[in-house]
Amino acid sequence: MLRTQHLRDQRLAPIAEQARAIWTALRQESNVDLGAINWLGVNTSRRVELTGSVDGVEFSALSVMSQGELHALASALFIPRATTPDSPFRFIVLDDPIQAMDPAKIDGFIKVLSSLATTRQVIDFSHDDRLATDQTTRSRRAARRSDARTRF
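This note's numbering applies: residue 775 is where the sequence shown begins, and numbers increase by one.
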């Protein structure tokens, strides 16, 4: 049993590290910090245990998070798992990922997606046009920079 837990911890370590990095980008203006991420349980009774702090005090972070923070946390946990280096899929599909997020978290999420889009195709289904608007704006800026470099 101890060996099994050790293997789980080894497999989870890079995913947990990336999840904490994504949470840091997404948590814009949130006072909830993500601590350890652990896999617990056996067979069909498995779960993830998250530790954290609120304003530096150890606390059950999930119980005080807003809906937008919970969506951001879910994305932070999902993206690393869905984009592991050994995954045969070079794309990620997201269904309304910014639902209930405030503008600061959306800005962080756009940065995470932009970084992700350098190595994967990102497909986003959303009723909210802020992601598409931002990507259009970024594309236009990049095209202007490219045109400016071509002229010289």
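Check before you lean on any hint, since a few could be wrong.
[Unchecked claim] Lysine to aspartate or glutamate pairs mimicking EDC-like chemistry, simulated, CA-CA at most 20 Å apart: (1) 885 to 869; (2) 885 to 803; (3) 885 to 898; (4) 885 to 902; (5) 885 to 860; (6) 885 to 832; (7) 885 to 870; (8) 885 to 908; (9) 885 to 791.
If you are wondering where the hints come from, they were derived from the structure by calculation, not from laboratory data.
Against the structure, the hints come out as follows:
Of the pairs offered as hints, the one joining residue 885 and residue 869 holds, with about 17 Å between alpha carbons and a cut-off of 20 Å not exceeded. For the hint linking residue 885 to residue 803, the alpha-carbon distance of about 15 Å falls within 20 Å, and the restraint holds. Note on residue 885 and residue 898: the hinted pairing holds, with a Cα-Cα distance of about 14 Å set against a maximum of 20 Å. A distance of roughly 17 Å separates the Cα atoms of residue 885 and residue 902; the hinted pair therefore holds under the 20 Å criterion.
About 23 Å separates the Cα atoms of residue 885 and residue 860, which puts this hinted pair outside 20 Å; it is violated. In summary, the hint linking residue 885 to residue 832 is not supported, as the alpha carbons are separated by about 28 Å, beyond the 20 Å threshold. With a C-alpha separation of about 16 Å, the suggested pairing of residue 885 with residue 870 holds against the 20 Å cut-off. For a cut-off of 20 Å, the pair hint linking residue 885 to residue 908 stands: about 10 Å separates their Cα positions.
For the hint pairing residue 885 with residue 791, the CA-to-CA distance comes to about 18 Å; that is within 20 Å, so the pair holds.
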